[in-house]
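2 protein chains.
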Amino acid sequence: MERTRVVVEEVGLREGLQSHAVLLSLERKIELVELFLAAGLRHIQLGSFVNPKKVPQMAGVEDLFRHYRDRQDAVFSALVLNRRGFDRALDCGVRALHVSLSASATHQRENAGRSIVESLTELCAVVREARQAGMRVKGGVQAAFGCYLEGPVAADQVIRIASALAEAGAAEVNLADTAGFARPGEIQEVIGAVRKALPAVKLSLHLHNTLGMAPASVTAALNLGVTRFDGAAAGLGGCPFMQGAEGNIATEDLVFLLQSLGLARDLDIARLCVAAARARELFGAAGGGKLGAHFPRLAALGLVR
Amino acid sequence: MERTRVVVEEVGLREGLQSHAVLLSLERKIELVELFLAAGLRHIQLGSFVNPKKVPQMAGVEDLFRHYRDRQDAVFSALVLNRRGFDRALDCGVRALHVSLSASATHQRENAGRSIVESLTELCAVVREARQAGMRVKGGVQAAFGCYLEGPVAADQVIRIASALAEAGAAEVNLADTAGFARPGEIQEVIGAVRKALPAVKLSLHLHNTLGMAPASVTAALNLGVTRFDGAAAGLGGCPFMQGAEGNIATEDLVFLLQSLGLARDLDIARLCVAAARARELFGAAGGGKLGAHFPRLAALGLVR
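Chains as they are written, first to last, in the working numbering: chain P, 3 to 307; chain A, 3 to 307.
Treat the hints as calculated values from the structure; they're not laboratory data.
Mixed in with the good hints, there may be bad ones.
Heads up, the list lumps identical chains together, so a pair's fine if it works in one copy or across two of them.
Below 25 Å or equal to it, Euclidean Cα-Cα: the simulated SDA-like pairs (lysine to any residue) are [claimed, not checked]: (1) K204 x R130; (2) K198 x Q261; (3) K55 x R68; (4) K198 x G264; (5) K198 x R7; (6) K56 x G115; (7) K55 x E174; (8) K204 x Q134; (9) K56 x D75; (10) K204 x N225; (11) K198 x R162; (12) K204 x N84; (13) K198 x N225; (14) K204 x E124; (15) K56 x R162; (16) K31 x G286; (17) K198 x E169; (18) K198 x D65.
Owing to the predicted nature of the structure, the values given are computational and were not obtained by experimental measurement.
Required output: the full structure, derived from the provided sequences and hints.
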């Protein structure tokens with residue numbers, strides 16, 4: 003495992019913003035992105051192209067993408083859930099696209115207002131056009147490890163969606179544990195099934211820490227050879243399953259885990275904690291993650307640097 | 003991994019009591035033990051034979067051991083830190099002994115008031131006598147993954163202590179992450195080193211969840227073939243590293259993780275949550291662990307039974 007190259011994608015600006023009521027100015031968003039870059043992060047999700055009437059926190063996301071349009075040393079990704087979002091992303095020069103839909107019919111209906119088939123048809127067309135436009139494309143499957151509305155989600159359903167997105171041209175499939183239900187057993191089961199069906203596709207994981215199992219799931223996924231993980235600074239972000247629950251696995255905690263295995267050494271954990279602290283200030287939320295509070299003591303003891 | 007037999011030892015009555023100011027009557031302690039037994043737990047630590055002037059919560063621990071003296075279908079263990087504790091344990095018919103000392107010189111001095119060498123010499127004699135008396139004996143190494151006073155602890159020091167205890171007759175070595183610093187990397191490193199030095203000794207892990215990494219460490223340890231883990235109902239117990247931090251990994255969370263891998267199926271997770279809820283009531287403490295709060299929803303969704 004020691005020599006594997008691990009990719010950590012920082013999704014706090016999207017995940018955090020959509021879950022907290024606070025509106026950040028362009029300047030504050032840039033401030034956070036610069037802190038992420040200073041910590042060594044080179045995969046950063048800047049936001050989602052969703053309806054600003056429904057998610058006012060994402061209004062003006064175009065300006066952030068335009069600001070980083072010419073920056074070549076990092077990948078700035080955009081989440082889109084439909085064609086309208088894709089058209090807006092295309093307009094402002096997005097180069098890395100993340101399309102996403104849920105493997106749970108109820109969740110997809112509630113979250114996107116459409117059926118899985120309707121969304122999948124539209125998003126597969128989007129993927130093809132995005133590839134023609136020269137974009138990197140990642141296809142996301144939400145609720146891939148269970149749904150807070152439906153309960154278990156069949157691996158077959160995950161495979162069906164992942165296969166369609168991959169066939170349309172997505173080079174990477176992002177399996178999202180939207181509710182935070184995954185444990186090492188579910189990780190083995192779902193990743194094993196998707197791998198078998200799609201051996202050539204890169205897999206990445208988006209884990210929420212609702213049940214405190216995200217670090218265990220990362221460990222199980224590493225053992226299966228998965229090397230791409232999302233994180234959100236300060237564990238900000240939501241869990242629709244329970245108000246006040248932790249959101250996405252905290253980037254700094256994720257990297258703290260990875261570095262114990264000799265991975266992700268290109269990331270600066272002290273600076274990740276600085277970014278997390280600033281994110282907490284700006285969002286006015288405690289977030290999740292444990293490392294932030296303990297880092298000074300751990301550093302003083304020489305247990306982390 | 004699926005067919006491995008995993009042993010979970012419930013240490014909440016020792017770990018929880020020593021960390022919270024509440025005094026439990028014999029009746030309340032028995033009530034908790036009965037809830038643990040009803041959940042299927044067959045390895046239960048009833049308490050420690052320490053100075054009741056210093057730890058008044060442990061006063062009268064003899065009565066609890068006498069109460070379960072003739073019960074044959076479970077292993078009731080006692081923690082002792084010195085000869086005085088051993089003599090008391092012997093007097094009331096303890097059959098499973100856990101001796102323990104720290105691999106950190108500073109921590110050992112602070113916790114036991116003696117040096118590692120002094121304690122090790124005395125405890126090795128205790129182990130020999132306990133074996134002669136027909137007891138099961140487990141030798142514990144505290145701060146095996148780092149110390150909240152000293153920082154890093156050399157694996158060589160852990161091996162030295164573990165070897166002496168094993169040579170004296172301890173059939174099992176319990177590596178304790180007293181501060182909660184272990185991550186999968188430290189687990190691989192320390193367990194790898196101890197295994198190499200002591201291939202015949204059974205290893206067990208005692209993990210604190212201070213940094214949220216205990217489930218990840220369990221996952222890493224399972225991958226190394228470790229099959230024995232301590233847990234404390236409701237994650238009660240202390241962390242000397244930080245006031246208010248989570249204690250030992252919650253037994254119900256540990257079992258929730260293990261069952262996702264097809265392990266520990268002999269334990270009833272609903273009843274573990276009942277025991278955890280009662281422990282929270284009796285200790286008047288929130289404890290740690292996530293499963294308790296989420297169990298009803300997870301059960302309703304058919305995600306856990």
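Structure-based check of all given hints:
{"no.": "1", "hint": "K204 x R130", "result": "within (18 Å within a copy, 55 Å between copies)"}
{"no.": "2", "hint": "K198 x Q261", "result": "between (29 Å within a copy, 24 Å between copies)"}
{"no.": "3", "hint": "K55 x R68", "result": "within (21 Å within a copy, 68 Å between copies)"}
{"no.": "4", "hint": "K198 x G264", "result": "between (28 Å within a copy, 21 Å between copies)"}
{"no.": "5", "hint": "K198 x R7", "result": "within (22 Å within a copy, 28 Å between copies)"}
{"no.": "6", "hint": "K56 x G115", "result": "within (12 Å within a copy, 62 Å between copies)"}
{"no.": "7", "hint": "K55 x E174", "result": "neither (30 Å within a copy, 62 Å between copies)"}
{"no.": "8", "hint": "K204 x Q134", "result": "within (20 Å within a copy, 58 Å between copies)"}
{"no.": "9", "hint": "K56 x D75", "result": "neither (33 Å within a copy, 60 Å between copies)"}
{"no.": "10", "hint": "K204 x N225", "result": "both (15 Å within a copy, 24 Å between copies)"}
{"no.": "11", "hint": "K198 x R162", "result": "within (13 Å within a copy, 46 Å between copies)"}
{"no.": "12", "hint": "K204 x N84", "result": "within (23 Å within a copy, 55 Å between copies)"}
{"no.": "13", "hint": "K198 x N225", "result": "both (16 Å within a copy, 22 Å between copies)"}
{"no.": "14", "hint": "K204 x E124", "result": "within (22 Å within a copy, 56 Å between copies)"}
{"no.": "15", "hint": "K56 x R162", "result": "neither (29 Å within a copy, 62 Å between copies)"}
{"no.": "16", "hint": "K31 x G286", "result": "within (14 Å within a copy, 42 Å between copies)"}
{"no.": "17", "hint": "K198 x E169", "result": "within (15 Å within a copy, 48 Å between copies)"}
{"no.": "18", "hint": "K198 x D65", "result": "neither (41 Å within a copy, 57 Å between copies)"}
In this structure, the earlier hints numbered 7, 9, 15, 18 are contradicted, and the remaining ones agree with it.
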